[in-house]
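Protein chains: 2
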Amino acid sequence: MFQNVVIVGPGLIGGSLGLAMKENGLAERIVGVGHRTSSLDRARAMGAIDEGTLDLVAAVGEADLVVLAASVQLICEHASTAVGRMKDGAILTDVGSVKQAICDGVRDALDARSEGTVRFVGAHPLAGSEQRGIQAARGDLYQDALCVLTPTGETDGDARTRVRQLWEAVGCRVVEYAPEVHDRMLAQISHLPHVVAACLVNTASDDAIELAAGGFMDTTRVASGDAALWRDICLLNRKALAESLRDFGEVFHRFAQAVENGDAKAVEDELARAKTRRDDRMPSKG
Amino acid sequence: MFQNVVIVGPGLIGGSLGLAMKENGLAERIVGVGHRTSSLDRARAMGAIDEGTLDLVAAVGEADLVVLAASVQLICEHASTAVGRMKDGAILTDVGSVKQAICDGVRDALDARSEGTVRFVGAHPLAGSEQRGIQAARGDLYQDALCVLTPTGETDGDARTRVRQLWEAVGCRVVEYAPEVHDRMLAQISHLPHVVAACLVNTASDDAIELAAGGFMDTTRVASGDAALWRDICLLNRKALAESLRDFGEVFHRFAQAVENGDAKAVEDELARAKTRRDDRMPSKG
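Residue numbers (my numbering), protein chains in the order written: chain S, 1 to 286; chain F, 1 to 286.
Bound-form chain S, shown alone (with noise of 0.2 Å):
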């Protein structure tokens, strides 16, 4: 499918993609991008990469894809970077969990390159979890996994099917959004519940999370996520996090009032609302 591949943090979600293209035979050779030989060692040990270098500008000259699969706000300075030194025609794509921030950054440098062209795909793949690095990477991490395709007008048609290829060949469902709407969906059921769950610990004494049973873990499990990298994707989708954190508001406003006015038809409703289309939505994920 590929020849010669570059992963810019081949981590757990990189290290992870290389892992099911080699085991499915979707690259010829494929070079990753660190910034520890250590990691990089590793990740060829493990099988997910051929090779590793340091050295962002020189590996990403070669290749037919460049996958940039560091954190969200190393990959916007990765692509500003890559889009400069990629040959012409070949493609870049990225995994990061906000999109539009990606892609104003590609356009921006894609405007500034001299002359022939790069052509870019956004993707977020649902997939990982609060662990990192390289040594949680497995083959089979995005089997049955969502992936989200953030095309534009913009994009070329032929690298948004073979982005697509690619993803669905290691195992994704494949859907399309525009980058904004993966934003606002993504504040909704990733960026807002962590800073929920953030602000549930700190709501809570030291007292009361020394109680703390199944139900208080699980509803803050996010919350031990990485603080810094947390911070960059809350700001890097700081316009559509505001837009949910106010949506939240009023909805936890209109909770608060029917608790403290004692409306026991008001709870339940809520209630009964969230149940209900939990339960609808998800029925085989428990």
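Don't read these hints as lab results, they were simulated from the structure.
Any given hint could turn out to be false.
In silico DSBU-like cross-links for lysine-lysine, where the CA-CA straight-line distance does not exceed 35 Å [as the list claims (entries may be wrong)]:
| id | chain 1 | residue 1 | chain 2 | residue 2 |
| --- | --- | --- | --- | --- |
| 1 | F | Lys22 | S | Lys265 |
| 2 | S | Lys239 | F | Lys265 |
| 3 | F | Lys87 | F | Lys22 |
| 4 | F | Lys239 | F | Lys87 |
| 5 | S | Lys265 | S | Lys275 |
| 6 | S | Lys87 | S | Lys22 |
| 7 | F | Lys87 | S | Lys275 |
| 8 | S | Lys239 | S | Lys87 |
| 9 | S | Lys239 | S | Lys275 |
Since the structure of chain S is provided, determine the placement of chain F on it from the hints.
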């Protein structure tokens, strides 16, 4: 440990206690009081009770120990009935997740009792899940769980010791708090998170919920709990919950402002504080 035990509501919580008491030889005879013969038959077949009856009034008269294990609203109702019918000196306890309302109800019922007394000790084992009913009961449910006792100045010392020994004998670590302290802590780690989980589901669009990955599933899992049951918990613990809702509202507002203002330091501080507090307090629980 006890001769004649009555468990009112032998479902997941009460049935598991019955199983654990039988397995550990803590009760000579356990009578289950329910409102459906089929459930009582099942509880008996599983060995959680020796006998089942629909008649609460008749059942509690001979008991040395009555455990109220129905849903929290019913516990309040059963408490009044039981206090009036139990024999002098018998011990009454419960498993309700709201304590002040139950303790107040028992005090009123004790005041109304014409002669003799019943020795009440409030309890709340922090175990169980979204599952309900006798079919989910198991003898090891309380192994390594926490059980909160909520004695007051009026609680009989011997009864307090015996109820503590009971929960320890089925595997619990027992801690003691005043009812209002219990309610405040449970509001923070259980009732507020439930409200927030429901609000997260009700904030997300249908399309976004379709995309939902693991993080959202975990954060909102409790929102699939029974709506009527949680309505009662919210209202019976209305005072403490309203306080937690206000506290959360302030923490949330501060975070939302930081996002709105693009204040990277403030956003990271909130996230880092939550991560540190969660990781520090719950190292082994993931």
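- [ ] Take a quick look at whether Lys87 of chain S and Lys22 of chain S sit within 35 Å of each other, Cα to Cα.
- [x] Status holds; Cα separation ~23 Å.
Task: 35 Å Cα cutoff - pair Lys22 of chain F, Lys265 of chain S - done: Roughly 41 Å between the alpha carbons, so the hint for Lys22 of chain F and Lys265 of chain S is violated.
Open item on the list: Between the alpha carbons of Lys239 of chain F and Lys87 of chain F, is the straight-line distance 35 Å or under?
Closed with: With a Cα-Cα distance of about 34 Å, the restraint between Lys239 of chain F and Lys87 of chain F holds, given a limit of 35 Å.
Open item on the list: Between the alpha carbons of Lys239 of chain S and Lys87 of chain S, is the straight-line distance 35 Å or under?
Closed with: holds, 34 Å
TODO: Would you mind confirming whether the straight-line C-alpha gap from Lys239 of chain S to Lys275 of chain S stays at or under 35 Å?
DONE: Given that 35 Å is the threshold and the Cα spacing comes to 29 Å, the pair holds.
Task: Holds or violated: Lys265 of chain S to Lys275 of chain S, with C-alpha atoms at most 35 Å apart - done: Given that 35 Å is the threshold and the Cα spacing comes to 15 Å, the pair holds.
Open item on the list: Against the 35 Å threshold, does the CA-CA distance of Lys239 of chain S and Lys265 of chain F hold or violate the hint?
Closed with: It holds: about 18 Å lies between the C-alpha atoms, which stays within 35 Å.
Open item on the list: Tell me if the straight-line CA distance from Lys87 of chain F to Lys275 of chain S falls inside 35 Å.
Closed with: Violated, because 42 Å separates the two Cα atoms, which is more than 35 Å.
Open item on the list: Next pair to validate is Lys87 of chain F with Lys22 of chain F; report whether the Cα-Cα distance is within 35 Å.
Closed with: holds, 23 Å
The structure shown violates the earlier hints numbered 1, 7.
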